[in-house]
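Below, each chain spelled out in residue letters.
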Amino acid sequence: MFKLQKTLKPVLAVRRIHNSAVEAVLRHPAPDDTVTASFGKFISGVKPQHLSSVVLHRSKRMVLDSIGVGLIGSTTEVFEMALQYCQLVYGPDPISSVYGHRDTRLSPTLAAFVNGVATHSMDFDDTWHPATHPSGAVLPAVLALSDMMPANSKPSGLDFLLAFNVGIEIQGRLMRFSNEAHNIPKRFHPPTVVGPMGSAAACARLLSLDPSQCSHALAIAASLAGAPMANAATQCKPLHIGNASRLGLEAALLASRGLEASPLVLDAVAGVAGFNAFYEDYVPQPLKSPSDNDNGHVFLLEEQDMGFKRFPAHLGMHWVADAAASVHKVLVGVDPGKVSPDQVQDILLRVPLSKYINRPFPESEHEARHSFQFNACSALLDGEVAVQSFSPAAMSRPELHALLSRVRLEHPQDNPANFNRMYGEVQVTLVGGDILKGRCDTFYGHWRNPLTNESLRKKFRNNAGVVLPSEKVERLIEAVEELDRLDDCGALLSQLE
Amino acid sequence: SQGITESFGAAIHALNATHLTDGVIHRSKRMMLDTLGVGLLGSRTAVFNKALMYSQRSSVWGRSEITLPPHYAAFVNGIAVHSMDFDDTWHPATHPSGAVLPALLALAETLASRPSGLDLLLAFNVGLEVQGRLMRFSREAYNIPERFHPPSVVGVMGSAAASAKLLGLSPAQCSHALAIAVSSAGAPLANAATQTKPLHIGNAARRGLEAAQLAQIGLEGNPAILDVANGLGVYYGDYNPSPMADSGAFRWILEDQNVAVKRIPAHLAMHWVVDAALAARAKLRDTVGTFDLSQIRQVTLRVPPSKYINCPLPASEHQARHSFQFNACSALLDGQVTVASFDRAQINRPALRELLSKVEVETPEDNPPSFDKMYCEVEIGSAEGRSAAARCDTFYGHWRKPLSQRDLVEKFSVNASSVLCPEGVEGLIDVVG
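Heads up: the protein sequence lines correspond to chains C and X, in order. Residue numbers 1 to 497, in the working numbering, belong to the letters of the first sequence in order. Residue numbers 1 to 433, in the working numbering, belong to the letters of the second sequence in order.
Treat the hints as calculated values from the structure; they're not laboratory data. A few of these clues could be false.
Stated by the list, open to error - Chain C residues, not near chain X, derived (Cβ > 12 angstroms throughout): (1) 298; (2) 364; (3) 399; (4) 482.
Said to hold, decoys possible - Listed next, the stretches of chain C that the computed footprint assigns to chain X, with coverage defined by at least 3 CB atoms under 8 angstroms from CB atoms of chain X: (5) 217-229; (6) 238-251; (7) 302-308; (8) 408-416.
The beta-carbon is built from N, C-alpha and C at its ideal position, and this holds for glycine as well.
Using the sequences and the accompanying hints, generate a full structural model.
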């Protein structure tokens, strides 16, 4: 176990930096005019005062939601496996907390890993545009790293929040290098591409690494990035976020010890792929540092808000669920009581074309969370999709299966596979011949129609309440609300242990 | 009919020691010996030390006083193996042994009942075989890479397969180990020729082991991960998978396609240019009577096109190991290229820098970026207008011209002696042999 000290001198911020490593860094500085170096400079140089009040507010909402989904996620099977695995194969160094397991500690990277798995285990975590799940890749690493720091020199709440925001910002900036990133993914799962980079950036920021080390942290993380879409809708998917968090932290720790990598990893070099290996089209832009810019820095979160999920399923499901729920309302209005499959002749879903969320008869909870058909039928039956909708009992209901067998999909030209522009339409033809239609352009929780603070807290209470007593739940809400005013983020950390 | 992924899981499960042929046993033992040697030597490198500081039960090669949790042992030992680019290379291109052996040894130490040597050898070969099979799914894999570093794509798969084999997982678990491993694959080439490159092998070993252990615990991934286009296929421009035969005659790829063992701790392509440079040097010396550096006016290298090994003025040992120019000039200056050639002082020699400034690189049309088909030509032009040229098609150590057993053992002895006492060195030679 090693302890970190936060000092004002970035180069010596970590006690174990050797002089030779410092020399090495000075001998091979990242050339100033590269995109890679500009990122390193930003991460190293950005300060709390650059966080606007909007960004503070939005990012605190993200922290709260992320902790909540992580806590409830700590009750899942996949989480249990990940935890068992870490405890089985790894030795001590147990200093970082594990969501929902107060007597368990793990080494920091493994804590980041399991907490990341928990966060994404039910596909309940936040989604951004361009598409990724940004918080789950960053928060577990920042928490684990903060746990590592000595009790008398924990980062302030504001430093914590700054590091978190740096992690989010870097992800957003990187995704904007590619048009491909703007649409629902087909090849690489975005959290595995930009997630480790965000985690590395956030941890580098929290460790106060110098600009060159920050660049190297990103480059080291790039060699840990990238997992294919084929494992989405499987039990393995949550590990994508777990690994993003853990590996980004590793990259930052390695960079802090002087490990060097490519100083051009973000730049596009013909014949040698760097970060652009993960994209078909890639046009990188340098990132302006606040010091170079009279206006400080405008974080992407200021201009592009976050989507929060109301139920644990792929974001695309939220549109069809809301559309189906409106049809359900009409149906029970007409004939009070439950909706019965006998009333329904045909269900047509008009949705974007995306193979991995088109599953007529999902067999596992993971598949069900990635099935337009399942979510539409659940909402049609129950009026909503909720955490319980994915329980084995709910999934095996005969009435649900009856409805599923009546679903057809259409992919209208005007419905792109893009979270900013898609819609969901549910058209139910009743046995009598009547046709009921529901359409959702913007579900409640989408960035265009954000959850109110009350709704967000309600979600948090429902989630966190599964594993924590209500006093702790309320104290967590307070700690996050006060985060930018806390002298010591330990006040947040202690509520999680 | 069986999906491809399923066929792999079934094959990993079903292969047993009786399937190992003499040829395969012989070749794979040579690979193990070489890998141990380069790993032991590599445990003295800066990158290895950084990784060791970072990682904190299984043994660390060359460090009797330290043990690490097995994954970290696999990680650091894998880094050691690739730290000096001294480890074996296959065709299609990857560094197969470094991704597998460290994981297997680390795992073996943790098992309640110690595997036999043959069990270990079998698992090792399963790890190699899977890598070889997967690379044959893509034409792109046959050439020197440009996008993803091959050990990071197939290496982790080989480690997962080998670990699954040693753990005795069921066919389904073996398939899931592969699926989980794919989500840990793929590092971009940009970190080649940097200090981070060795981590590609270290991570392949570690994360493949992790995938197998997660599969053992019951984690599941996509059961068609090798079949679908958005599985392993995402790492390739063209991807055409085919199943492993479930019964009948099984032929190991290693039987038909040997590995190259390096004589020089540098990228494989450097071996051609060094052999050509040494031959040209000898020619010039024979013609003129002596070899006088000051007489050299120009050095022309004719090499295959590959950006990451074309480095006119390397600034670090990592860049030097990936520089046609540096390796050619070292050979011309010293009459040999050895481990010591990549020391900082050697890299910065004024005489070498001066010679480097006289180098021109050409990439002839008939020189493809393939380790099976490339050549290197070195032409030295001297001040009086003389020139001497030599060409290397197959360097000594290439699979077409393998190292003799004596030279292989000699390489191992020199490497291992950097950290082990003579009894230790001899002991290892005996045990593997």
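Here is how each hint holds up against the structure:
1. Listed as outside the interface, residue 298 (chain C) is consistent with that label: its C-beta sits roughly 29 angstroms from the nearest C-beta of chain X, beyond the 12 angstroms cut-off.
2. The non-interface label for residue 364 (chain C) is inconsistent with chain X: the shortest C-beta to C-beta separation is roughly 8 angstroms, within 12 angstroms.
3. Against chain X, the non-interface label of residue 399 (chain C) holds: every CB pair exceeds 12 angstroms, the least being about 28 angstroms.
4. Here residue 482 (chain C) stays apart from chain X, with its beta-carbon at least about 34 angstroms from theirs, past the 12 angstroms limit.
5. Chain X is given as covering the stretch 217-229 of chain C, and this holds because 10 residues of the stretch bring a CB closer than 8 angstroms to a CB of that chain, at least three being needed.
6. Here's how the stretch 238-251 of chain C fares: 4 of its residues keep a CB closer than 8 angstroms to some CB of chain X, so the rule of at least three is met and the hint holds.
7. Closer than 8 angstroms: that is the beta-carbon criterion, and the stretch 302-308 of chain C has 0 residues meeting it against chain X, so the requirement of 3 is violated.
8. For the stretch 408-416 of chain C, the stated coverage by chain X is violated: 0 residues have a C-beta nearer than 8 angstroms to a C-beta of that chain, whereas at least 3 were required.
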